[in-house]
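S.K.: Letter by letter, the chains look like this.
Number of protein chains: 2
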Amino acid sequence: MSWLELAGDTPFGLGNLPYGVFSTGDDPRRRVGVAVGEQVLDLSAAAGATGAPFAGLLTAGVLNPLLAAGPSVWAQVREQVREWLTEPRHADRVRPHLVPRVGITSHLPFEVADYVDFYSSEQHAINAGRIFGAGELPPNWKHLPIGYHGRAGTVVVSGTPVVRPSGQRKPRAAEVPSFGPSKLLDIEAEVGFVVGVPSEHGRPVPAGEFGRHVFGVCLVNDWSARDLQGWEAQPLGPFLSKSFATSVSPWVVPLAALEHARVAPPPQVPEPFEYLRVAEPWGLDLSLEIRLNGHLVASPPFATHYWTAAQQMAHLTVNGASLRTGDLYASGTVTGPEKDQRGSLLELSWGGREPFAIGGGASRTFLEDGDEVVLGATAPGPDGARIGFGEVRGEVLPAVGGGAL
Amino acid sequence: MSWLELAGDTPFGLGNLPYGVFSTGDDPRRRVGVAVGEQVLDLSAAAGATGAPFAGLLTAGVLNPLLAAGPSVWAQVREQVREWLTEPRHADRVRPHLVPRVGITSHLPFEVADYVDFYSSEQHAINAGRIFGAGELPPNWKHLPIGYHGRAGTVVVSGTPVVRPSGQRKPRAAEVPSFGPSKLLDIEAEVGFVVGVPSEHGRPVPAGEFGRHVFGVCLVNDWSARDLQGWEAQPLGPFLSKSFATSVSPWVVPLAALEHARVAPPPQVPEPFEYLRVAEPWGLDLSLEIRLNGHLVASPPFATHYWTAAQQMAHLTVNGASLRTGDLYASGTVTGPEKDQRGSLLELSWGGREPFAIGGGASRTFLEDGDEVVLGATAPGPDGARIGFGEVRGEVLPAVGGGAL
Numbered sequence: 001m002s003w004l005e006l007a008g009d010t011p012f013g014l015g016n017l018p019y020g021v022f023s024t025g026d027d028p029r030r031r032v033g034v035a036v037g038e039q040v041l042d043l044s045a046a047a048g049a050t051g052a053p054f055a056g057l058l059t060a061g062v063l064n065p066l067l068a069a070g071p072s073v074w075a076q077v078r079e080q081v082r083e084w085l086t087e088p089r090h091a092d093r094v095r096p097h098l099v100p101r102v103g104i105t106s107h108l109p110f111e112v113a114d115y116v117d118f119y120s121s122e123q124h125a126i127n128a129g130r131i132f133g134a135g136e137l138p139p140n141w142k143h144l145p146i147g148y149h150g151r152a153g154t155v156v157v158s159g160t161p162v163v164r165p166s167g168q169r170k171p172r173a174a175e176v177p178s179f180g181p182s183k184l185l186d187i188e189a190e191v192g193f194v195v196g197v198p199s200e201h202g203r204p205v206p207a208g209e210f211g212r213h214v215f216g217v218c219l220v221n222d223w224s225a226r227d228l229q230g231w232e233a234q235p236l237g238p239f240l241s242k243s244f245a246t247s248v249s250p251w252v253v254p255l256a257a258l259e260h261a262r263v264a265p266p267p268q269v270p271e272p273f274e275y276l277r278v279a280e281p282w283g284l285d286l287s288l289e290i291r292l293n294g295h296l297v298a299s300p301p302f303a304t305h306y307w308t309a310a311q312q313m314a315h316l317t318v319n320g321a322s323l324r325t326g327d328l329y330a331s332g333t334v335t336g337p338e339k340d341q342r343g344s345l346l347e348l349s350w351g352g353r354e355p356f357a358i359g360g361g362a363s364r365t366f367l368e369d370g371d372e373v374v375l376g377a378t379a380p381g382p383d384g385a386r387i388g389f390g391e392v393r394g395e396v397l398p399a400v401g402g403g404a405l
Numbered sequence: 001m002s003w004l005e006l007a008g009d010t011p012f013g014l015g016n017l018p019y020g021v022f023s024t025g026d027d028p029r030r031r032v033g034v035a036v037g038e039q040v041l042d043l044s045a046a047a048g049a050t051g052a053p054f055a056g057l058l059t060a061g062v063l064n065p066l067l068a069a070g071p072s073v074w075a076q077v078r079e080q081v082r083e084w085l086t087e088p089r090h091a092d093r094v095r096p097h098l099v100p101r102v103g104i105t106s107h108l109p110f111e112v113a114d115y116v117d118f119y120s121s122e123q124h125a126i127n128a129g130r131i132f133g134a135g136e137l138p139p140n141w142k143h144l145p146i147g148y149h150g151r152a153g154t155v156v157v158s159g160t161p162v163v164r165p166s167g168q169r170k171p172r173a174a175e176v177p178s179f180g181p182s183k184l185l186d187i188e189a190e191v192g193f194v195v196g197v198p199s200e201h202g203r204p205v206p207a208g209e210f211g212r213h214v215f216g217v218c219l220v221n222d223w224s225a226r227d228l229q230g231w232e233a234q235p236l237g238p239f240l241s242k243s244f245a246t247s248v249s250p251w252v253v254p255l256a257a258l259e260h261a262r263v264a265p266p267p268q269v270p271e272p273f274e275y276l277r278v279a280e281p282w283g284l285d286l287s288l289e290i291r292l293n294g295h296l297v298a299s300p301p302f303a304t305h306y307w308t309a310a311q312q313m314a315h316l317t318v319n320g321a322s323l324r325t326g327d328l329y330a331s332g333t334v335t336g337p338e339k340d341q342r343g344s345l346l347e348l349s350w351g352g353r354e355p356f357a358i359g360g361g362a363s364r365t366f367l368e369d370g371d372e373v374v375l376g377a378t379a380p381g382p383d384g385a386r387i388g389f390g391e392v393r394g395e396v397l398p399a400v401g402g403g404a405l
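So the protein lines, in turn, are chains A and B.
When the letters of the first sequence are read in order and numbered with full-length UniProt numbering, they come out as residues 1 to 405.
When the letters of the second sequence are read in order and numbered with full-length UniProt numbering, they come out as residues 1 to 405.
The reader is advised that the hints may include incorrect statements.
Over 10 Å on every C-beta distance to chain A, these chain B residues come out as not near it, computed from the model [what the hints assert, rightly or not]:
hint, residue
1, LEU98
2, ALA225
3, HIS315
4, ALA321
5, ASP327
6, GLY360
7, VAL400
No farther apart than 30 Å at their CA atoms in a straight line, the calculated lysine-lysine pairs in the DSSO-like style are these [stated by the list, open to error]:
hint, chain 1, residue 1, chain 2, residue 2
8, B, LYS339, B, LYS142
9, A, LYS170, A, LYS183
10, A, LYS142, B, LYS142
11, A, LYS183, B, LYS142
12, B, LYS339, B, LYS170
13, A, LYS170, B, LYS183
14, A, LYS142, A, LYS339
15, B, LYS339, B, LYS183
16, B, LYS170, B, LYS183
17, A, LYS339, A, LYS183
18, A, LYS339, A, LYS170
19, A, LYS142, B, LYS183
Think of the hints as simulated: they come from the structure by calculation, not from any bench.
These numbers were taken from a predicted model, which means no experiment stands behind them.
Each residue gets a CB set at the ideal place from its N, CA and C atoms; glycine is no exception.
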């Protein structure tokens, strides 16, 4: 129980306490904050004012120093915050550092080192194969979590508008490519994992060390231009079709908040190579939601994602590649078996062939200028509560130069 | 003329003056240096001692603040260094800051933001297509510079040993994949471009602005595990087959040193889209050399590279992706039409089918443990001199765990 008045159904209860970076109109400095109820605790200020031993980790305006500090410090900070918010003797000292969340500006919570995107939902991969007429699953799919590097420099925080990218595309029926604004702008609803503790270059990180390196979880919208992707991606993979923007939620939910959300992933057949086996499963029972212009268009389940984040981390490093503080890797599009569980418009419109309703008599295949996409998610927390992830919000702005679609 | 005694054929004459970061046994601090003749000028110390206006840009132990400062500062620093090294009145003040290059430890010269690798040698792409039986050039190849993102966190400086990566591979004849140390470890000789001035997210950077954003050029060895690549790369491109290590030269040669090396690229047919056209061509007449265990195995020419670095920059940003200080993008494997101009062992051994001689009666298809690869390059400088790029040196260490090959 907190001396704060918290609604029983708040997604930001004491079992959550996610971290972000914010500023206010009164104070433009970027500070580390913890979301609680309708407020945000200015953790940088509270730690400074109380002389907390970890105060020095909270002055950079990004989470990176805290991320780098490792699990025992993460536990110490989390315990201190919980104590501040529950023990009445702290109330007078802590209350001045609470700010209404509605009035803050959220910033990118951490400086992104390397960004990797996986492709680990079986249903999404099956759907993509069917839509593109490429058969069911690629032959390597059940042996390794397929992934590729994306552009770290264009990871942006929720709320940042996304300019429709221009580029080359060549529809199958066209003889030559053309250049212009993407006509097939899409989203991908994903779950992101934020690395805290770096690893040594040359040393693979076992899957069992997941909790010693990965700090927490955010939501990711991996914006995608399908027409650019179709033309550019052979033979070396997606590039400009993804690199124009990747949006993340302002709040990073620590793994410590997700103990009640852990589940076993689906059975993995054939049995993975040894480096991909884990004693303690890291499937996570997150329920995602995709809203387009306010209308709920899909509710993808993450619990059935095939490869877990612990396995992805082990794969990412099995060749000796190192982890750095601030590395972000995303799950790949989260898609379930039902039509309303699809994590991309590519799937919801089945390659553009089946427009889907977005309420008010309107429908979509891909995104139009002015469309706003909001991703959200919750997970089981302690005592029947739900853990919230906040949202990833992004509005589509017209292409530079205003070329007609 | 310098008051320094410089050999007439030094690759580090006054027309070059490349930048790096070094330390010494006496002084482990990382300092910015400029290579000149057999020495390195401790630029951080010289600027500090003389109160140079740019001294504050040289205290970070990496080039990034200097890179970010932009072309007018780059020109100012270069002019000052040249003046220090040529006017006898500066000799007494500057000489104490000269250190024999043979005794220094070189460090990664800049903090890498995003790393992109292109695929822009026509002969290399043709060779790869033939070796893999995939036909001549991909249909998009002459329309855009194909590229993909690599791992920035595993870019290492010359001299860093490279541990043979382990991973999954499945030869065509095998029914199932296997796991172990790569059996087909390769190199790719490339030219790297280092971004100085960032660009605004959402705004494409025209090819004509190349010199306002890109600071200089280094050499890149894009180590590649061909067996891992063959199994993992469909459908999203290379990942672990490249991410274990990418080596760069310790010296970044500023574009200002390469005026005499500029050439027109080969004719581009069909004519590229407008955003890829340039008024002033940025082909560069670099002559690369690849040595394996001291034996010259190839001399790839860069002058005939199809897509130039200015076009690659324009492509990279045409979707609105931003440039950041420290972005590194590489040319793709540099390969000429002759057998001894091939920039990878994949090509030199024609897919492993034709072992090539490395001197002393020995031969190779791919790299063995203990092999040392050294890349070098020169380019035309002023007055008939050659501009040197230093070298990218790397020794192959056995795989972690010592699994037999």
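S.K.: Which numbered hints turn out to be false for this structure?
M.R.: 2, 3, 4, 5, 7, 10, 13
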